[in-house]
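Undergrad: Read off the chains here:
Protein chains: 2
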Amino acid sequence: MSAVDIPAVKEYLLDLQNRICAALEVADGTASFREDSWDREGGGGGRTRVMESGAVIEKGGVNFSHVFGDKLPGSATAHRPELAGRTFQAMGVSLVIHPHNPYVPTSHANVRFFVAEKEGEEPVWWFGGGFDLTPYYGNKEDCRAWHQAAKDACDPFGDDVYARYKKWCDEYFHLKHRDEPRGVGGLFFDDLNELGFEQSFALMQSIGDAFAPAYCPIVEQRKDTPYGERQRDFQLHRRGRYVEFNLVFDRGTLFGLQSGGRTESILMSLPPEVRWGYDWKPEPGTEESELYDVYLKPTEWLEA
Amino acid sequence: MSAVDIPAVKEYLLDLQNRICAALEVADGTASFREDSWDREGGGGGRTRVMESGAVIEKGGVNFSHVFGDKLPGSATAHRPELAGRTFQAMGVSLVIHPHNPYVPTSHANVRFFVAEKEGEEPVWWFGGGFDLTPYYGNKEDCRAWHQAAKDACDPFGDDVYARYKKWCDEYFHLKHRDEPRGVGGLFFDDLNELGFEQSFALMQSIGDAFAPAYCPIVEQRKDTPYGERQRDFQLHRRGRYVEFNLVFDRGTLFGLQSGGRTESILMSLPPEVRWGYDWKPEPGTEESELYDVYLKPTEWLEA
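Top line first, the protein sequences correspond to chains A and P. Oh and the first sequence: position 95 is 95 in the working numbering, straight run, nothing missing. Oh and the second sequence: position 20 is 20 in the working numbering, straight run, nothing missing.
Treat the hints as calculated values from the structure; they're not laboratory data. Heads up, some of the hints might be wrong.
Which copy is meant is left open, so a pair is good if it fits within one copy or across any two.
Simulated crosslink set (DSBU-like; lysine-lysine; CA at most 35 Å straight-line) [unchecked claim]: (1) Lys118 to Lys281; (2) Lys118 to Lys297; (3) Lys176 to Lys281; (4) Lys118 to Lys176; (5) Lys167 to Lys281; (6) Lys281 to Lys71; (7) Lys167 to Lys297; (8) Lys297 to Lys71; (9) Lys151 to Lys176; (10) Lys176 to Lys71; (11) Lys71 to Lys223; (12) Lys223 to Lys118; (13) Lys281 to Lys10; (14) Lys71 to Lys140; (15) Lys140 to Lys176; (16) Lys71 to Lys151; (17) Lys151 to Lys10; (18) Lys281 to Lys151.
This is chain A alone, in the form it adopts within the complex:
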């Protein structure tokens, strides 16, 4: 088994943040990210990058954080007693992009690494992450390209990796109170260590590296689609579902808010503008209802 190389993970994540921001700036064409560096009282800090009111991106955030401490909170060790009495480090890159144009999907990606150490014992560690797509007006070509990129990133690591992480993504990004998927999915994984450090790290990198080349061409292809108030209204209502998921269900968001994380960095994932209407739903037979009828169903996009 290869040794756990923490500095290499950190170096990768910082570089990934740089590369993704550069690619998104090119995709936007005019705006650039501004950076806020911050420190965490209990140990560590982060580098938050935000873009607002770009030509294409209405609001986007790409956050790097690295937090550490002497002791995990009781809530963490209750589930994993093997972590008690260990120092820990958690680091990751997390991003959400909300475009102006309702024909450009919202997207989210995250890669993360956790390690808990104790003198004289093997470190306990795992990787997690994934990426997923939330269109307003679905497009099969985009879904296929997105899932093909996901599959290509996973395939070198085993025949069943894509299928497992794709299913995990469908299950995770599900609004239980509406029995509704958040979007058309992608990949989600957690607790990855069974491949050993080197291969697990390589799989996480493969997925992190795949995000921008998968998302930017979709942005490029859809960003000039004409739209009006009707499409904007649909997008704003659908963004309400995004808020509901992130604030009610998303583990990272809730853990961050409850554990005294940096609120503005955590909530930069929320859309810039949102609407809620009582019993809001698209009229049957419209371009809007197609999202529900065709796209918000668990689908094997590579066979569709």
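For chain A, the structure is supplied; the task is to place chain P on it using the hints.
TA: Just chain P, lined up with the frame of chain A:
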């Protein structure tokens, strides 16, 4: 001790919903509530009333619900083992009003009753509820009138009731992740049974009855205040805090969503339109920052 009169509570709540809706229709001047009646699979149902795009009220919901069952969920009896093996009923009226004009505060009120019964044993029961005000542009006169109405409703039931319920409200409607109050408070109470059924029911009625006469005059007085895009933008960003509170902290919302409650009735509390900006905050020295500097601090409004 007086006998528990469940039908009387239900009759009061249905009538209260009618009276509050009638008062709010007068306050709005043009729009009326539409009603959705619904049944709950496990037992019970409700009467949801919603107003959208009124002259004054941008979105408002006044919900009555009465749910019952043979058996409480394990999560409820874990905290209160005396409830195990009992049938239960929960009923209440809950409302949130989001006005168009940023000079009119948002308001929330709720009164509720819970009872768990078992043949041959005394019923276990309690009342809960309260009301609170969330201004965008604070006004001391409104805060004083609001809290005076709260105090007047409580005073017949004991000298310390207002002070206790006012403090409970400040503690409950607090956004921990921002260390920020939701608004200027009012009343919050729960587990009320120590006065015996008759007096506890009377206190809950006193608070329920006080809401509309406290809120409607504030609406009347502020609804014609001129405003522009600047005030609207401030209101929409502040509404983001309202969403954060309701989806991350509000016990009723979370319990409802997790226990398979009727999603549209629970989430009718969400504002019709909302904005989030990264690290958004008002500029120091503005009319907007006054909300934070003066109003979003725990204050004894009757002494201010």
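Undergrad: Does each hint fit the structure? Answer for all of them.
TA: Hints versus structure:
{"no.": "1", "hint": "Lys118 to Lys281", "in the structure": "neither (53 Å within a copy, 42 Å between copies)"}
{"no.": "2", "hint": "Lys118 to Lys297", "in the structure": "neither (45 Å within a copy, 44 Å between copies)"}
{"no.": "3", "hint": "Lys176 to Lys281", "in the structure": "both (17 Å within a copy, 33 Å between copies)"}
{"no.": "4", "hint": "Lys118 to Lys176", "in the structure": "between (39 Å within a copy, 33 Å between copies)"}
{"no.": "5", "hint": "Lys167 to Lys281", "in the structure": "within (26 Å within a copy, 40 Å between copies)"}
{"no.": "6", "hint": "Lys281 to Lys71", "in the structure": "between (47 Å within a copy, 34 Å between copies)"}
{"no.": "7", "hint": "Lys167 to Lys297", "in the structure": "within (12 Å within a copy, 47 Å between copies)"}
{"no.": "8", "hint": "Lys297 to Lys71", "in the structure": "between (42 Å within a copy, 34 Å between copies)"}
{"no.": "9", "hint": "Lys151 to Lys176", "in the structure": "within (26 Å within a copy, 41 Å between copies)"}
{"no.": "10", "hint": "Lys176 to Lys71", "in the structure": "both (33 Å within a copy, 22 Å between copies)"}
{"no.": "11", "hint": "Lys71 to Lys223", "in the structure": "neither (47 Å within a copy, 53 Å between copies)"}
{"no.": "12", "hint": "Lys223 to Lys118", "in the structure": "neither (50 Å within a copy, 63 Å between copies)"}
{"no.": "13", "hint": "Lys281 to Lys10", "in the structure": "between (44 Å within a copy, 32 Å between copies)"}
{"no.": "14", "hint": "Lys71 to Lys140", "in the structure": "neither (47 Å within a copy, 46 Å between copies)"}
{"no.": "15", "hint": "Lys140 to Lys176", "in the structure": "within (25 Å within a copy, 42 Å between copies)"}
{"no.": "16", "hint": "Lys71 to Lys151", "in the structure": "neither (37 Å within a copy, 46 Å between copies)"}
{"no.": "17", "hint": "Lys151 to Lys10", "in the structure": "within (25 Å within a copy, 57 Å between copies)"}
{"no.": "18", "hint": "Lys281 to Lys151", "in the structure": "within (33 Å within a copy, 42 Å between copies)"}
Going down the numbered hints, you'll see the structure goes against 1, 2, 11, 12, 14, 16, while the others check out.
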